[in-house]
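**Q** If you want the building blocks of each chain, they are given just below.
Protein chains: 2
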Amino acid sequence: MLAANPEDQMTPTITAFEQSPDRGRGLARDMHVRWALEEVGQPYDVRLLSFSAMKEPAHRAIHPFGQIPTYEDGELALFESGAIVFHIAERHAGLLPKNANARARAIAWMFAALSTMEPPIVDRSIAVVFERDRPWHEERLPIVEDRIRGRLKDLSVRLGDSEWLDGEFSAGDLLMVEVLRRLSGSGIVDGYPNLAAYVARGEARPAFRRAFAAQLAVFNAASNN
Amino acid sequence: MLAANPEDQMTPTITAFEQSPDRGRGLARDMHVRWALEEVGQPYDVRLLSFSAMKEPAHRAIHPFGQIPTYEDGELALFESGAIVFHIAERHAGLLPKNANARARAIAWMFAALSTMEPPIVDRSIAVVFERDRPWHEERLPIVEDRIRGRLKDLSVRLGDSEWLDGEFSAGDLLMVEVLRRLSGSGIVDGYPNLAAYVARGEARPAFRRAFAAQLAVFNAASNN
Chain U
50 MLAANPEDQM
60 TPTITAFEQS
70 PDRGRGLARD
80 MHVRWALEEV
90 GQPYDVRLLS
100 FSAMKEPAHR
110 AIHPFGQIPT
120 YEDGELALFE
130 SGAIVFHIAE
140 RHAGLLPKNA
150 NARARAIAWM
160 FAALSTMEPP
170 IVDRSIAVVF
180 ERDRPWHEER
190 LPIVEDRIRG
200 RLKDLSVRLG
210 DSEWLDGEFS
220 AGDLLMVEVL
230 RRLSGSGIVD
240 GYPNLAAYVA
250 RGEARPAFRR
260 AFAAQLAVFN
270 AASNN
Chain X
50 MLAANPEDQM
60 TPTITAFEQS
70 PDRGRGLARD
80 MHVRWALEEV
90 GQPYDVRLLS
100 FSAMKEPAHR
110 AIHPFGQIPT
120 YEDGELALFE
130 SGAIVFHIAE
140 RHAGLLPKNA
150 NARARAIAWM
160 FAALSTMEPP
170 IVDRSIAVVF
180 ERDRPWHEER
190 LPIVEDRIRG
200 RLKDLSVRLG
210 DSEWLDGEFS
220 AGDLLMVEVL
230 RRLSGSGIVD
240 GYPNLAAYVA
250 RGEARPAFRR
260 AFAAQLAVFN
270 AASNN
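Just so you know, the sequences run in chain order U and X.
Residue numbers for the first sequence follow the numbering used here, so the first one is 50 and each next one is one higher.
Residue numbers for the second sequence follow the numbering used here, so the first one is 50 and each next one is one higher.
Treat the hints as calculated values from the structure; they're not laboratory data.
Honestly, I wouldn't trust all of these hints.
Since copy identity is lost for identical chains, a pair holds within one copy or between any two.
To be verified - Derived pair list, reagent style EDC-like, types lysine to aspartate or glutamate, alpha-carbon separation capped at 20 Å:
{"no.": "1", "residue 1": "Lys202", "residue 2": "Asp215"}
{"no.": "2", "residue 1": "Lys104", "residue 2": "Asp203"}
{"no.": "3", "residue 1": "Lys147", "residue 2": "Glu124"}
The task is simple: from the sequences and hints, build the whole structure.
**A** Below you can see the structure in the form of structure tokens.
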């Protein structure tokens with residue numbers, strides 16, 4: 050029997066959907082966190098939540114907006130996938146450059162992914178899921194998609210033929226690939242071949258594949274019940 | 050004559066609108082950065098940009114999406130207001146707690162402001178500015194505002210009767226107040242008296258008032274030309 054490893058007590062716990070509405074496609078935000086943890090080689094536990102449990106006071110004490118994912122490690126409880134990825138990136142090597150200026154730029158890409166690129170993409174998801182039966186849906190959707198294309202064009206120009214957004218793969222790339230993956234199935238990213246290849250490079254990383262398999266296993270287990 | 054101060058060479062330069070579309074109400078995102086710089090007592094220079102200059106290659110080299118604000122300090126050039134505020138908060142005392150867990154939670158509120166709270170608020174701005182003449186505007190606006198109220202309700206419950214979101218004023222409060230200020234004039238925040246008081250507390254801070262006066266001076270100068 051091995052001696053107790055003090056690090057065993059430090060395994061963080063994240064939360065995820067008990068039954069993901071994306072049917073195992075890995076589009077829920079626990080993927081951001083799973084992928085980050087896999088990149089740095091940090092094992093983790095998962096607590097699955099039903100939609101009703103997410104809105105209960107016990108979960109809202111950790112996540113004020115009643116969502117997933119959360120991250121608990123000892124006395125620390127965090128919400129917001131971007132903040133959780135950043136916390137992981139600060140405490141482990143592999144997701145942020147050591148050079149101070151390069152690190153600041155990688156953090157800028159984290160914010161760019163979540164606050165410049167993602168909002169019109171989420172707006173499209175809302176339109177497709179919740180406004181599909183509204184009389185304006187057909188006329189409004191192309192307007193939303195044009196907003197997305199404006200951002201994608203700028204991102205495509207900046208990426209050019211680089212492998213990642215600014216030097217080595219970083220937490221900025223992780224979040225950007227995750228945000229662009231939300232468009233999967235829409236065909237929109239395919240209009241920007243360098244971005245489509247960028248997303249594919251992200252998805253080909255062993256850490257991504259392990260994270261994807263882990264969330265898919267949750268979906269498959271729920272489906273078999 | 051005073052001896053040259055080496056810190057003089059370190060005055061950062063930010064960019065802002067030459068003519069802000071908000072007519073001096075301080076709703077553009079350079080306010081996030083001005084306020085943060087004022088909180089930590091860091092002087093700064095401002096380079097004003099026209100709407101066409103923002104889209105030129107010279108500016109896009111710094112900001113891939115052709116927006117303001119940017120932040121330049123020596124060899125470092127940053128974009129994304131959230132990332133710039135974080136960079137300032139990391140390098141100066143006053144915007145992030147020293148305790149590691151409290152610091153991580155303040156960063157979570159930064160991301161919450163920009164990626165959970167702001168998107169429906171920006172969606173409302175887009176609806177009001179760009180979709181006002183669309184046939185669906187009148188029917189869709191209440192739907193967007195209900196989404197905003199859902200977030201505000203959760204935030205109001207979490208804030209309770211606290212002064213700030215998690216202990217001392219932090220960069221998380223700075224960004225949250227800024228995001229809520231985007232609703233000024235809509236009356237929506239007034240439905241949550243503790244949030245309205247929270248915004249007022251932010252706006253009453255001397256650093257906020259200096260930042261606000263600085264952006265207003267730019268608007269007034271442009272108007273007098």
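**Q** Look at each hint and say if it fits the structure.
**A** Evaluation of the provided hints:
{"no.": "1", "hint": "Lys202 - Asp215", "verdict": "within (17 Å within a copy, 39 Å between copies)"}
{"no.": "2", "hint": "Lys104 - Asp203", "verdict": "between (38 Å within a copy, 10 Å between copies)"}
{"no.": "3", "hint": "Lys147 - Glu124", "verdict": "between (27 Å within a copy, 16 Å between copies)"}
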